[in-house]
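The numbers in the numbering used here rise by one with no breaks, and the one at position 109 of the sequence shown is 109.
It should be emphasised that the hints constitute simulated quantities derived from the structure, not laboratory data. Since this is a predicted model, take the numbers as computed values, not measurements. You may find that some hints are simply not true.
[Claimed, not checked] With a straight-line Cα cutoff of 16 Å, these simulated EDC-like cross-link-like pairs (lysine to aspartate or glutamate) come out:
{"no.": "1", "residue 1": "K75", "residue 2": "D120"}
{"no.": "2", "residue 1": "K13", "residue 2": "D53"}
{"no.": "3", "residue 1": "K55", "residue 2": "E90"}
{"no.": "4", "residue 1": "K75", "residue 2": "E115"}
{"no.": "5", "residue 1": "K55", "residue 2": "E93"}
{"no.": "6", "residue 1": "K75", "residue 2": "D109"}
{"no.": "7", "residue 1": "K55", "residue 2": "D109"}
{"no.": "8", "residue 1": "K75", "residue 2": "E116"}
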Amino acid sequence: MDDYQRGFEQFRKMVGDERIDALVQRFRSVCPDFEREVVTVVGGRIWTRGSIDLKTRSLCSICVLAALGRVNALKLNLEMAINNGAALDEIFEALFQVAVYAGFPAMWDALVMLEEVLKDMPRK
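All chains, full assembly: derive it from the sequences and hints.
The following block contains the structure:
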């Protein structure tokens with residue numbers, strides 16, 4: 001399996017069968033090369049690495065994205081963090097780390113995004 005296919009399958013696990021095609025199409029509609037690189041590099045080479053589990057990788061990702069104010073990627077990664085097993089309390093604690101190092105406004109913005117994600121997610 002090549003890196004693209006491995007990445008596609010990894011993203012499928014994290015966003016779900018029902019959403020993978022829409023996600024890939026969203027990336028592709030802006031720039032087909034962007035979609036290929038995101039799926040290949042981010043999904044196929046980074047998210048599939050060993051040593052840390054997906055939940056830990058998700059918590060790291062949401063901290064960095066919140067600190068940088070990258071709201072589109074933050075939204076997706078909050079969804080994936082929940083799908084990767086992160087509990088709300090774990091997400092809150094990770095975001096408190098953001099507050100200390102990147103500022104409370106960064107945490108606030110991330111909490112607003114989390115609220116939106118939770119509202120839009122199907123109830124299990």
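Hint by hint, here is what the structure shows:
1. K75 with D120: holds (11 Å)
2. K13 with D53: Holds. K13 to D53 sits at ~13 Å (cutoff 16 Å).
3. K55 with E90: holds (10 Å)
4. K75 with E115: holds (10 Å)
5. K55 with E93: Between K55 and E93 the Cα gap is close to 13 Å, so the pair holds against 16 Å.
6. K75 with D109: At roughly 11 Å apart (the allowed maximum being 16 Å), D109 and K75 satisfy the hint.
7. K55 with D109: violated (21 Å)
8. K75 with E116: holds (8 Å)
Comparing the model with each numbered hint stated earlier shows that hint 7 is the single one that does not hold.
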